[in-house]
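Could you put the whole structure together from the sequences, leaning on the hints where they help?
If you're matching them up, the sequences are chains F and W in order. Counting along the first sequence from 1, when you hit position 157 you're at 152 in our numbering, and nothing is skipped either side. Counting along the second sequence from 1, when you hit position 191 you're at 186 in our numbering, and nothing is skipped either side.
No wet-lab data here; the hints were simulated from the structure. Take these hints with a grain of salt, some might be off.
The list cannot tell twin chains apart, which means a pair is met if one copy fits it or any two copies do.
20 Å max Cα-Cα, derived SDA-like pairs, lysine to any residue [as the list claims (entries may be wrong)]: (1) 75 / 19; (2) 98 / 9; (3) 246 / 206; (4) 116 / 76; (5) 11 / 54; (6) 15 / 101; (7) 15 / 100; (8) 116 / 127; (9) 37 / 120; (10) 98 / 17; (11) 168 / 154; (12) 195 / 3; (13) 116 / 126.
In this text the structure is predicted, and so the values were computed from the model without any measurement.
2 protein chains.
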Amino acid sequence: MEPFEEARERALRGAKAGIKSSYGSEEFALIQAINAYRELTKSYNLAYERLSEWYGIYFPELRISNPKTLATLALVLNSKPISRDAVAAAVGEEGKADDIYAKANATMGREMGDEERGAVKKLAESNLAMDSALEALKGYVTAASKRLLPNTSYLTDETIAAELLSKAGSLEKLATMPASTIQLLGAEKALFKHIKFGSKPPKYGVLFKLPAVGTAPRHMRGRIARAYATKISIGLKGDVFSKRFIGEELKSSLDASLERIRSSPEPEPRQHTHEYQRRPMGGRRGFGGGRRPRGSERHGPPRRPGA
Amino acid sequence: MEPFEEARERALRGAKAGIKSSYGSEEFALIQAINAYRELTKSYNLAYERLSEWYGIYFPELRISNPKTLATLALVLNSKPISRDAVAAAVGEEGKADDIYAKANATMGREMGDEERGAVKKLAESNLAMDSALEALKGYVTAASKRLLPNTSYLTDETIAAELLSKAGSLEKLATMPASTIQLLGAEKALFKHIKFGSKPPKYGVLFKLPAVGTAPRHMRGRIARAYATKISIGLKGDVFSKRFIGEELKSSLDASLERIRSSPEPEPRQHTHEYQRRPMGGRRGFGGGRRPRGSERHGPPRRPGA
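Quick look at the structure:
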């Protein structure tokens, strides 16, 4: 082989190895998994509603709010004669199964044609496949979050930790973000609306999914999200750089902060809330708003020409 | 049994039979099927993109644009060692299969962990289940449309006929609609925007899916949709009321109209197009616009106070 070709081969091998190692990091798999999980959850809920509505014309007496049970029942009740045991296995409750079994044999619903039967069966099967995919995705997300983000997972939970990672794009980006950015991850749309049009600034993004934030009284939510974001940002340094588990200490210090926030008195309602919705932030951040000096443009509904 | 109870039983039986017969009509099953088909198609496309992106980190060299092939390959390539025959069966083309097989054994992508393998497998299986459900739904929609809407299916196609039925809500409602309403079925949002805010009126809704409309030059589309709507409205009377197949005659008369439209010269661009976007329809249809007299309110972007 010519020396030039040899060098070229070596360079190619090196480049390939470099690409392989950059693909190698598990964070990218976790990001893909949480994105798939988020989207498939939505699709599954829609598919459940569709099946529930459709099945309602064959068996209007059926009331099932669990997507998996409904899909299983749609398969079980699809066969003639209906098996009493299969219904019981699908529902899990003897009394309820008897009830459904009796109603299914005397339903007011439409008689199913063969083609319809086939289509409903396939739809129910596809719902069950989605359910089982969601379970597998959730399992992987949980395990990978615990491995890659032990502190963050401990402070929040595995799904929220993975969501934060997915919004940030990579572990390193996430770990170098200031707490204020972490607090607003997932609220990008509301933030840009605030910057461009002067609507209220968002107080939380992904962190709203934390029970401690979502169920808190409205006036505390922002401060609770902020307390979480601060501790998460410290925890992330342990997750990504020093690889130390400091979750316990962070958790107890977080609990103390939450206690302080919860015992503080409710603030007076702010007088300038309305003002806030009108005034854009002007050129401060340079998102389009920078073109015009502060207050030079009116926002809100168009004016009546005669007014 | 007391006479009163007997009468009550009789009344109940009668009511049940009435409900059963109203559920009995196949049109409701068709509406459910086309709705499920429409929604599941969207979910499937999203799920395909997810799988494609995710699988890309394990096998970045793979380029597959068919969702079903990708899901099958993701399953086939998941097993170690990879079966050359299974790849060929999934791809269908010998040359391409060899190429994929060779690349798969020397990929630059990430090495898959066991948990990841399980999650990807379930996701691919759920994609395949969606694919097979879509096929079954499409089959049922085609058969039912041909039965319930033979003329409309003949003039357009089975899916479009079912979409029209789903937008109208029932066969009777659809069959008593004027052609102008049929033309705009599925464009409700644009129509209300036109009525309330004076944007351009829509020219087609569901009918845009007709190749004759969608691929026509822009200035003809409205007239072609209108020609279709007129014939569909006549065909529907045959579908629903007289139960006669008049598709052939309608089709040839439709073709003549289309020929006339296509051979007519391109109109001059209208001078008042811009005006159109500004002037709301006022009180003519009573959708909010009725509150103010025509032209009393300005639409468009807010005025600068100094202007």
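The hints, checked one at a time:
Proximity of residue 75 and residue 19 under a CA criterion of 20 Å is satisfied inter-copy only: 19 Å between copies versus 52 Å inside one chain copy. Taking the shortest Cα distances, residue 98 and residue 9 sit within 20 Å of each other only across copies (18 Å), while inside one copy they are farther apart (69 Å). Proximity of residue 246 to residue 206 under the C-alpha cut-off of 20 Å is restricted to the intra-copy arrangement: shortest distance 15 Å within a copy versus 61 Å between copies. Proximity of residue 116 and residue 76 under a CA criterion of 20 Å is satisfied intra-copy only: 16 Å inside one chain copy versus 34 Å between copies.
Taking identical chains as interchangeable, the C-alpha atoms of residue 11 and residue 54 lie at most 20 Å apart only when they sit on different chains, with a minimum of 13 Å there against 58 Å within one chain. Proximity of residue 15 to residue 101 under the C-alpha cut-off of 20 Å is restricted to the inter-copy arrangement: shortest distance 11 Å between copies versus 62 Å within a copy. Only between protomers do residue 15 and residue 100 lie at most 20 Å apart by alpha-carbon distance; the minimum there is 13 Å, versus 60 Å within a single protomer. In the homo-oligomer, the alpha carbons of residue 116 and residue 127 lie at most 20 Å apart both inside one protomer (17 Å) and across protomers (11 Å), since each shortest distance falls under that limit.
Both within a single protomer and between protomers do residue 37 and residue 120 lie at most 20 Å apart by alpha-carbon distance, with minima of 17 Å and 18 Å respectively. Taking identical chains as interchangeable, the C-alpha atoms of residue 98 and residue 17 lie at most 20 Å apart only when they sit on different chains, with a minimum of 19 Å there against 59 Å within one chain. Taking the closest pair of Cα atoms, residue 168 and residue 154 come within 20 Å of each other only inside a single copy of the chain (18 Å); across copies the shortest separation is 47 Å, beyond that limit. Taking the shortest Cα distances, residue 195 and residue 3 never come within 20 Å of each other, neither inside one copy (57 Å) nor across copies (61 Å).
Both within a single protomer and between protomers do residue 116 and residue 126 lie at most 20 Å apart by alpha-carbon distance, with minima of 15 Å and 13 Å respectively.
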